[in-house]
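Top to bottom, those sequences are chains U and X.
Going left to right, the first sequence walks through residues 1 to 403 as the numbering used here numbers them.
Going left to right, the second sequence walks through residues 404 to 694 as the numbering used here numbers them.
None of these hints come from the bench; they were simulated from the model.
Check the hints yourself; a few may be wrong.
If you want the ones that stay clear, here's a sample from chain U, every Cβ over 12 Å from chain X, calculated [unchecked claim]:
#, residue
1, Y6
2, Y23
3, E30
4, D33
5, D116
6, S119
7, G168
8, F181
9, A221
10, D223
11, D236
12, S247
13, V251
14, T313
15, P361
16, V385
Just the calculated beta-carbon pair ranges, DEER-fashion [to be verified]:
#, chain 1, residue 1, chain 2, residue 2, range
17, X, A659, U, T27, 37 to 45 Å
18, U, K353, X, K570, 30 to 38 Å
19, U, E188, X, G646, 51 to 59 Å
20, X, D603, U, P99, 51 to 59 Å
21, U, A246, X, G646, 17 to 25 Å
We put the beta carbon where it would ideally sit given N, CA and C, even for glycine.
Next come the chains, spelled out residue by residue.
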Amino acid sequence: MNLHEYQAKELLKKYNVPVQEGYACATVHEVEDAYRQIKGQTGSSFAVIKAQIHAGGRGKGKIKETGINGVKVAKSLDEITDFAQKILGGTLETIQTGPAGKVVNKVLVAQDMYYDGPSPRKEFYLSILLDRGTGQNVIMYSTEGGMNIEDVAHDTPEKIFKEWVYPGGGLLPFQARKIAFNFGLSGEAFKNMVKFVTNLYTAYVGLDCSMLEINPLFKAADDKIVAVDCKMNLDDNALVRHADLASLRDVTEEDPTEVEAGKYNLNFVKLDGNVGCMVNGAGLAMATMDMIKLSGGEPANFLDVGGTANAQTVEAGFKIIMKDPNVKAILINIFGGIVRCDRVAAGVIEAYKNLGNIKIPIIVRLQGTNAVEAKKLIDESGLKVQSAILLSEAADLVKKAVA
Amino acid sequence: MSILVNKNSKILVQGFTGTEGTFHATQMIEYGTNVVGGVTPGKGGGKHLDRPIFNTVADCVKSTGADVSIIFVPPAFAADAIMESAEAGIGLVVCITEGIPTQDMVKVKNYLQGKKTRLIGPNCPGVITAGESKVGIMPGFVFIKGRIGIVSKSGTLTYEAADQVAKAGLGISTAVGIGGDPIIGTPTKDAVELFMNDPDTDAIVMIGEIGGGMEAEAARWIKANGNKKPVVGFIAGQTAPPGRRMGHAGAIIGGADDTAAAKMKIMAECGIHVVNSPADIGKTMAEVIKK
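For reference, chain X alone in the conformation it holds in the complex (with noise of 0.2 Å):
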């Protein structure tokens, strides 16, 4: 049943009256997401996009039974959107907000150490399941059916991706963007395990970039799992400068393990098909299905 999200999935927005909640609900809806309500303290007890707003997350659960949330809360309320959602028992919680401080994330990741919830991001494009639900910003029309996963850093990469499987006589089972932060819910290793237990996905394109550790925790947790299924790996910035932040916040070389180089290495020997151009990843997982 592909992952994290499919068409039984209850979403509600948190942001929901703005204009990027508003702006995105109503494309969500649109690509026949499940949007059962919205969430904008002080709104509670009105109708937004003929659905009900209500004043706080434990409301809208009780009175609508969400089980996942979208948020487009600005950045200085963002971190307290989360947690108001762990609170109140949501599953999975999708931040979209760019530029979160730091330090607020630092709390809400202890804060989320023990419960249930789950969280994808911040900064991020956020999870499709192909032809089911569309929980994020991304262009659902790119994302044809099928059963590739993709979990990436980055935004318009996935899309690039995504069409690159497509034009390859591919198509996405789903695709997880985690975010660019330095600090997010769920890192590159969670999104390939729950793809490799996925009986709806076949092979995973796994997409980073420099800075962090993640793509060789993952990496290494591939090969210890007996590389069960395909991977094609790129990663993003192999010409980028130590010390320059490339748009990310968490897009920066900071020691030797962070470059490019060094991950696509790592990832190599772990058996992922690496590629060196952007343009190959379409191609190279057509090759790869086939052998």
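Just chain U, same shape as in the assembly (with noise of 0.2 Å):
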């Protein structure tokens, strides 16, 4: 689950993790009130103004229209009210959101750390995450701050650290010198850096997040290190044991069609082609996406029923796929094992009937456990659904369906 940076900024917050303050707003009203605070507290004019949505490369993305970047620092109250009336309620469209980019529907507006002061300021680079080869939490970290991090690593690898974290242990108090020393920092800076990532990791594991990431890391010219901008990610299997953290969640930034699918226990993932497909297990849902690609037709969709394909989810998930003008044809395979066939292709049959006036051509595989009976139930149903029992006679229906 991803949350927005204002959320990932409060739970951050209680683990003692200085963070760049703020206040979320919805309305140009609250913007105003949050910038007079905000200058109350810093005793400055400057502050940012910052669009909340689940997608990175705010700074330099743009709001259609308007052309503003999603993120902003302003002079004044007048430049900040001009800000938020020109983001809020604007699309936002970045690297990482596609071209139909993003509804803004809050803004954090936040102080600006980047005042003068006694020693230079500087952005660094951190994040927390699992390194699935070892089994262990690593902190990777860089001096190269504020940057992407993939070019960073591309470019210049050998400005990325790497720190692995002992289970048994937890992050360990020279492990925490090692990176703010390798960070050079001094001083009090380095005091600062040592507790902000001790803390951090704390907060990583309290949290279980599954990826927890710092950037821009900021030292100020104060020597106070915050987080400027926070990048989290929560484990979804860990929200049982965080009912407070699962209200975090954001269902307007997530696709609408998936989060139906949720409902009804369907795992979805919406896509750009043409041949929808209703799959129980996702190895298999991948594989058979893999197998429209190859028979000439591009996947709309990966859908996973899971193990409990019946009549039920058979038509919650013909109802998903429809949604999508684009679906030019449907291929449902499923392997029986504890599922019965037959029963699939019952459900198939009396959903294909509910839905009535399906004008796309509907492909079956049924293989597994009573295949044979329910070849033959398809067959004679005198719908207009082929189909298959070999994945090869599959991927042939599924070729002269998008010729």
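Combine the two chains into a complex, taking the hints into account.
In structure tokens form, the structure reads like this:
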């Protein structure tokens, strides 16, 4: 589950991780109030307004029509009001959103951290994630903050450091010191960084994050260390033990069809192709998508119906796939193990009849338990459904359907 | 003697009396698997499916001599169940449970270091040695006895591969579903290594998917060890978009090395017979075996 920057920062504060302070606002009026608050606290007329969407590249991304960037520094109340009017409710297109962009429902109005002081400001990068190879959490960090970390990894891999955390003991003090030293820090900034990293790791584990990225990780001119931005991703499987966190989910950021599919326990991912598919099992679903492509089509979706393919789930699956006007054919591919194919076939027939008026070709491939009986049921139903038992037969039918 | 399990394996079921445990234990017993007992804390002393129930894994091992455990415990308690089995000295733990929090598995992985326990899964269909022992949730009839080993991250795709192998006139020695989570007990390479050393296995089907580096690791190991047996490989997710999780928690393209194309390239370079279409697994295996 992805969180917004403002939500992630609130959570980090609970773990005593210093963040760039700010207020989440849904209206221009709230933005103005927030600006006054921040001005009162910092004594500076500078403040930052940041669009809150679940995608990176906001600073360089642009709001459609107004052309304004998703992150702006304002010098006055008038300016921030103007920015808020242009950003709130606008559609922000960034390198990660695709051409459709995402609607901005909230902005974060935050203090400006780039004030002057006795020592130079610095931007670092730090993230914590799972290293699948070792089965350990790894802290990845770089002196090159504020940039796209993939570019840093590609162009200057020597500037990326990694610190693996021993699962039995957590992050050890010497490791936190090593990270602070590698950032080239000393004095107060060094001490602040050690605390920051230690607390951040505690937050990562405590919140069951699957990814926690601070970019930029900022050293202010007065040696404060703060998270200026934060990208936090929570482990969906762990939400059962974080009842308070589940409510942070913002469904408006998700594809509405995917949200609806979730209600039926269907695992659905929308894609851009012309052949819809409905499959039991994630691996077989991906394999079926690949086969559609090799047959000359393009998969319109990923859809795993899981272990219980019955009339209800099949009907829900049909409805969800057919919402997409680009779908020219649907392939149902079920390998019946515990699930009996004849039951699935009966479900397909029932769903087909319930929906009526299906104008696109439906190809049903049922293999496994009672596959022959299932094929017979489909063939004798009188419906315009093509049936197959072998995967290669299904591939040929898809080929014909998209030709 | 195939790999991991055989007709002499003594199986205990953790989460024995639950809905899933009951259903699948029944199926396993019908298949002929030697299920010796089960564990449900608090129900020890009773009987279920005509087998004794124990409060702890240690008790069950002591009384029955169980050497393999299969886990159907809910996700929040599954990590604990794995560690309990390891502590009791179980040699092979097969964890079917889907949805275990990743940080729990970080702990488990660390806990198992230096112990003799091998973990298969979690989030997997289990292990089956055709005609001898089914320790999992797969449909047994698909796995016709033969001399081809299967290792796969996915459940139904494993059944698909086994079915195609059978239709090509061949059969299965053992099939291992290693699971689709980011942290699993037995990576592809370990299963491949077991098959390479198994006198009852002549060739291997290796099925992977996007995400992680396990298939590349296995491919390089196969090449470094002289390609002793032919391997047919398939990677699911050639059409999966980057950054989107495709069902399995582990099936997500994070970087350039995670893509199906990158994995297939490495596998082909290492002498694996890579198929583009999942429909060609059985056919290709039949051709490869003839050579």
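Each hint tested on the structure:
The claim that Y6/U is not at the interface with chain X holds, since no C-beta of that chain comes within 12 Å of its own (minimum 22 Å). Every Cβ of chain X is farther than 12 Å from the Cβ of Y23/U; the closest lies at roughly 30 Å, confirming the non-interface assignment. No Cβ of chain X approaches the Cβ of E30/U within 12 Å, the least distance being about 32 Å, so the stated non-interface status holds. At roughly 36 Å from the closest C-beta of chain X, the C-beta of D33/U stays outside 12 Å, upholding its exclusion from the interface.
Taking the minimum C-beta to C-beta distance to chain X, about 39 Å, the non-interface status of D116/U holds against the 12 Å cut. Every beta carbon of chain X lies more than 12 Å from that of S119/U, the smallest distance being close to 36 Å; the non-interface claim holds. Not every C-beta of chain X lies more than 12 Å from that of G168/U, the closest at about 6 Å, which undercuts listing it as non-interface. F181/U, annotated as away from the interface, keeps every beta carbon of chain X farther than 12 Å; the closest lies near 26 Å.
Listed as outside the interface, A221/U is consistent with that label: its C-beta sits roughly 35 Å from the nearest C-beta of chain X, beyond the 12 Å cut-off. Annotated as non-interface, D223/U keeps its C-beta farther than 12 Å from every C-beta of chain X; the closest such distance is 33 Å. Against the 12 Å criterion, D236/U falls within the reach of chain X, whose nearest CB is about 8 Å from its own CB. With 12 Å as the threshold on Cβ separation, the claim that S247/U sits away from chain X holds: the shortest Cβ distance comes to roughly 18 Å.
At the 12 Å boundary, the C-beta of V251/U stays outside the reach of chain X, the nearest C-beta of that chain being 17 Å off. For T313/U, the requirement that its beta carbon stay farther than 12 Å from each beta carbon of chain X is met, with the minimum near 15 Å. Taking the minimum C-beta to C-beta distance to chain X, about 19 Å, the non-interface status of P361/U holds against the 12 Å cut. Listed as outside the interface, V385/U is consistent with that label: its C-beta sits roughly 20 Å from the nearest C-beta of chain X, beyond the 12 Å cut-off.
Taking the beta carbon of each, A659/X and T27/U are about 43 Å apart, inside 37 to 45 Å as hinted. At roughly 32 Å, the beta-carbon separation of K353/U and K570/X lies within the given 30 to 38 Å, and the hint holds. Range check, E188/U to G646/X: Cβ separation about 39 Å, and the 51 to 59 Å hint is violated. The beta-carbon spacing between D603/X and P99/U, approximately 55 Å, falls within the hinted interval of 51 to 59 Å.
Remark: the range hint 17 to 25 Å for A246/U to G646/X is upheld by a beta-carbon distance near 22 Å.
Hints 7, 11, 19, counting from the list given before, are not met by this structure.
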